[in-house]
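Q: Residue numbers (my numbering), protein chains in the order written: chain A, 1 to 379; chain B, 1 to 320; chain C, 1 to 251.
Honestly, the hints are just simulated from the structure, not real lab data.
Don't take each hint at face value.
Computed cross-link-like contacts, EDC-like style, restricted to lysine to aspartate or glutamate with a CA-CA straight-line distance of at most 16 Å [as the list claims (entries may be wrong)]:
hint: 1; chain 1: B; residue 1: Lys285; chain 2: C; residue 2: Glu230
hint: 2; chain 1: A; residue 1: Lys22; chain 2: A; residue 2: Asp259
hint: 3; chain 1: A; residue 1: Lys11; chain 2: C; residue 2: Asp12
All values reported here derive from a predicted model rather than from experimental measurement.
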Amino acid sequence: MIGFELSDDQKQIQALARNFVKDNVTPVAAQHDRDETYPATVVEAAHEVGLLNVSVPEAVGGLGLSMLDEAIIGEEFGYGCMGIYTILMASELGIMPLLLAATPEQQQRFLAPLVEGPRLAAFALSEPNNGSDAGGLRTRAVFDGDEIVITGTKTWISNGGVADFSVVFASFDPALKHKGTVAVVVELDRPGLSTNKLHGKLGQRASPTYEMVFDDVRVPISNMLGQQGDGFKIAMRTLDKTRIPVAAGAVGVLRRALDESSKYANEREAFGRPIGQFQAIQFKLANMKIALETARLQTWYAAWLADNDKPHAEAAAIAKAYASDSAFDAAQEAINVFGGYGYMNEYPVEKLMRDVKLNQIYEGTNEIQRVVIARHVLQ
Amino acid sequence: MILLVTTAPGGNLPKSARELVTVARQLAGGGPVAAAVIGPESAASQMAEYVPQVYSLSAAELEPARAEAVTAAVQQVAAQAGATTVLMAANRLGQSVAPRVAVRLNAALLEDVIKVSGTAGAYEAVRYSYLSRVTETVRTVGGDATVITVKPNVFPVADAQPGGSVTSVAPQLDATATRVQVGQRSAATGGRVKLEEAGVVVGGGRGFGSAEAFAQVVEPMADALNAGVASTRAVVDAGWRPYAEQVGQTGKSVAPELYIALGISGAVQHLSGMNRSKVIVAINKDADAPIFRIVDYGVVGDVNQVGPALTEAIKAAKGS
Amino acid sequence: MKLITVLKQVPDAEARIRAGSGGVDLDGVTFVIDGMDEYGVEEAIRLREAGNDVEIVALALGPARYEEAIRTALALGADRAIHVETDTDLDPISQARVLAQVVHHEGADMVLVGGKQADWDSAALGPALAEVLGWPHSDWTTKLELAGANVTVEHDTDDGHESLTMPLPAVITTQQGLNEPRYPTLPNIMKAKRKELAKRSLDEFGAGSGLTQIVDQQIQTRERLGKMVEGDPATAAAELVRLLQNEAKVL
Chain A
1 MIGFELSDDQ KQIQALARNF VKDNVTPVAA QHDRDETYPA TVVEAAHEVG LLNVSVPEAV
61 GGLGLSMLDE AIIGEEFGYG CMGIYTILMA SELGIMPLLL AATPEQQQRF LAPLVEGPRL
121 AAFALSEPNN GSDAGGLRTR AVFDGDEIVI TGTKTWISNG GVADFSVVFA SFDPALKHKG
181 TVAVVVELDR PGLSTNKLHG KLGQRASPTY EMVFDDVRVP ISNMLGQQGD GFKIAMRTLD
241 KTRIPVAAGA VGVLRRALDE SSKYANEREA FGRPIGQFQA IQFKLANMKI ALETARLQTW
301 YAAWLADNDK PHAEAAAIAK AYASDSAFDA AQEAINVFGG YGYMNEYPVE KLMRDVKLNQ
361 IYEGTNEIQR VVIARHVLQ
Chain B
1 MILLVTTAPG GNLPKSAREL VTVARQLAGG GPVAAAVIGP ESAASQMAEY VPQVYSLSAA
61 ELEPARAEAV TAAVQQVAAQ AGATTVLMAA NRLGQSVAPR VAVRLNAALL EDVIKVSGTA
121 GAYEAVRYSY LSRVTETVRT VGGDATVITV KPNVFPVADA QPGGSVTSVA PQLDATATRV
181 QVGQRSAATG GRVKLEEAGV VVGGGRGFGS AEAFAQVVEP MADALNAGVA STRAVVDAGW
241 RPYAEQVGQT GKSVAPELYI ALGISGAVQH LSGMNRSKVI VAINKDADAP IFRIVDYGVV
301 GDVNQVGPAL TEAIKAAKGS
Chain C
1 MKLITVLKQV PDAEARIRAG SGGVDLDGVT FVIDGMDEYG VEEAIRLREA GNDVEIVALA
61 LGPARYEEAI RTALALGADR AIHVETDTDL DPISQARVLA QVVHHEGADM VLVGGKQADW
121 DSAALGPALA EVLGWPHSDW TTKLELAGAN VTVEHDTDDG HESLTMPLPA VITTQQGLNE
181 PRYPTLPNIM KAKRKELAKR SLDEFGAGSG LTQIVDQQIQ TRERLGKMVE GDPATAAAEL
241 VRLLQNEAKV L
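Make a model of the complete structure from these sequences and hints.
A: The structure is reproduced here in structure tokens:
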């Protein structure tokens with residue numbers, strides 16, 4: 001039957017993440033957002049307490065935590081700063097293709113180092129001309145003897161320029177469309193690979209996002225995940241799972257929007273009483289709460305399905321679309337609760353809206369999520 | 001028989017000792033009250049102005065006071081006096097010794113009480129719990145005796161009732177009672193009004209930014225008000241102020257008429273040491289600081305500016 | 001060397017305490033390991049990290065929900081734990097008599113426990129435990145050093161600080177300033193799952209029903225005015241003084 005209780009160690013993980021975020025993330029979030037600087041000390045500290053790269057399997061020295069554990073951690077980090085969480089989340093995103101398709105030797109080679117220091121992975125799928133149409137990749141992969149040569153440009157790649165490696169999706173035969181694709185692990189120090197940090201993002205500005213240029217970058221064929229032709233499939237199966245932490249981060253933002261708004265509603269007075277006594281404000285808070293409870297449950301449900309090897313693509317798409325849309329709405333309503341003060345960056349709510357807007361876009365736009373859901377409905 | 005126990009730092013009876021007399025008389029309801037004074041004979045003579053039977057414990061092994069030695073001495077005097085109720089002030093020493101005495105006498109322990117009534121074997125007391133947020137009523141339901149520690153500065157000091165007699169007691173202290181060796185001791189820096197007895201207290205926290213800024217603002221204000229100076233744990237840990245000023249869960253508990261909190265954020269551990277003050281004023285630059293939830297009057301501002309302005313205004317009002 | 005750290009689980013300091021029908025209502029309250037006890041666990045771990053051969057046993061007496069706090073101690077670094085599980089609310093003196101039996105049976109060299117419990121606001125457990133065991137104790141300890149068969153400590157007194165040297169075994173009560181507790185790292189949280197958590201029943205110890213009983217609890221309500229005074233420093237100061245003189249009448 002259904003149980004909704006977290007286990008003892010899940011409660012401890014939650015407490016650890018919550019305290020960690022309170023002490024290490026929340027105090028520095030606004031400054032990294034303002035300056036677009038990379039929070040290296042936070043990433044190091046996260047590594048030291050074991051919150052970084054938690055999905056690395058036990059067999060290669062990691063914790064092998066479940067999707068539900070990741071969702072619990074993700075909500076806590078999302079509460080503190082969605083931008084900083086994306087750094088951790090994007091690293092897990094880079095790890096997932098290896099969990100799905102790497103050989104034991106590849107897992108040892110690429111994943112073991114990720115738990116030895118504050119090191120990151122990245123997932124390089126999007127291109128300047130190619131986002132949602134993941135089958136239409138323009139980055140070329142040429143098989144040359146025992147090497148693969150990669151040419152092309154990727155963009156919007158979180159962690160791209162600071163990760164030890166990126167999982168790059170390329171096409172070796174455009175005529176075969178998505179069956180002509182391949183997933184290849186490319187280490188950052190390969191000659192021919194250059195990265196440019198992108199500036200000017202609306203939000204999640206602590207998360208370093210890159211354009212990555214591959215100029216005849218050669219990697220050994222042993223860096224390929226799965227077989228030739230598996231690339232698209234690996235990408236899709238990865239995103240089916242990793243949209244769950246995106247949802248979890250959005251749930252964290254939702255909770256933050258609600259907490260900040262309800263605190264303000266108890267303190268700010270108008271017409272002789274706290275504004276929380278007016279229905280206009282109460283309804284906003286109630287709507288945030290409705291969304292928070294339901295988004296979290298759907299996220300945990302999707303995580304449970306994934307952890308129990310049940311079909312989870314639809315549930316994960318529902319969680320991601322619903323949580324990010326609701327979180328964005330909650331964040332912009334939070335600004336309304338704060339009124340003029342909500343519009344100022346000295347108050348924390350405008351950042352919530354700027355940050356969580358991206359949750360509606362990356363890892364499969366919410367439009368694509370709806371395509372996925374409709375497909376399941378109509379089949 | 002009710003026996004109160006006190007030390008006598010500097011050879012004088014502390015204010016807490018005379019508060020204990022009030023409690024003892026209340027509980028005795030006319031019956032016999034005795035006192036044990038650990039310190040010089042002169043202090044025992046002072047106690048004889050309040051209590052009919054005084055036991056003087058001036059043995060060298062009791063100075064400085066060590067928990068096991070004092071415990072053994074108290075047990076002996078209690079036996080000699082036939083006491084089934086033992087009172088001590090709930091200061092550091094009292095809180096260290098009373099539980100040990102309770103175990104020895106197979107007694108029930110009522111800790112840090114603000115009210116107490118009843119008779120031996122059936123006492124009822126009121127005390128605080130949950131970091132001073134809850135008031136609880138506790139009853140003794142067992143034990144051969146009762147040990148009660150009394151919260152300082154709650155009960156009034158007793159009026160003298162001269163004519164008591166002093167008996168010297170030489171405690172039998174074996175090797176166990178004296179096995180703890182005392183090394184270096186550091187005492188409080190004196191001068192100012194004693195914190196626990198001050199009617200007005202000015203407290204400072206980390207909001208000042210430095211020890212100098214703290215002193216420059218807090219001390220003149222305390223002078224102008226003839227107030228005691230309090231510090232948060234953070235400030236004492238940072239080495240800005242002496243331990244004797246610390247107020248909070250792990251420091252002193254104060255309840256003055258007026259507590260002015262400067263640059264104090266209001267962590268619940270500090271609040272538990274001062275939230276019973278009659279009037280609380282706070283100045284802090286963070287409008288969200290938790291301290292503002294428990295103030296009567298608050299000012300959001302820089303303590304280094306509002307503080308001196310307040311001191312000037314106080315001086316002007318007092319005509320000094 | 002065997003170290004026993006005694007711990008409790010108490011409401012989170014930020015939790016809103018409510019009262020209902022004469023007692024404190026802990027429904028929905030978040031519980032944490034008592035911060036004071038954490039310093040004891042941390043100190044035990046530091047003694048191990050300093051190269052001493054130590055076994056650290058976490059010991060708790062309380063209801064089932066204490067398990068979370070015990071698991072935290074295991075995640076911090078205790079080797080195993082003993083939980084004397086009971087819903088009975090025992091006073092500190094009676095608890096000391098129960099815990100002393102476990103300590104004695106374990107043959108421990110040192111017991112570490114928080115200086116003051118954040119729910120009872122009691123400082124009695126440590127000294128009472130020491131007395132039942134027949135051991136010396138140091139309360140409000142801010143520094144601890146092993147010195148052969150002795151332990152040298154610095155602790156707070158009514159006036160300031162004092163250094164003490166006492167023979168082991170001893171009871172040390174702990175507080176802020178002794179050390180800086182670490183986070184339980186995620187790997188340690190996972191390892192803690194496999195550590196032994198032995199359950200005992202209170203009946204095994206002949207505790208009786210206690211020496212004191214709480215008969216009523218009320219939230220201390222103190223209505224505060226919550227008046228915020230506005231204006232530049234000079235204006236605010238003048239208004240504040242006026243209020244304190246004329247309204248509050250404390251100046």
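Q: For each hint, tell me whether it holds in the structure or not.
A: Hint check results:
no. : hint                 : verdict
1   : B:Lys285 to C:Glu230 : holds (12 Å)
2   : A:Lys22 to A:Asp259  : holds (14 Å)
3   : A:Lys11 to C:Asp12   : holds (14 Å)
The structure shown violates none of the earlier numbered hints.
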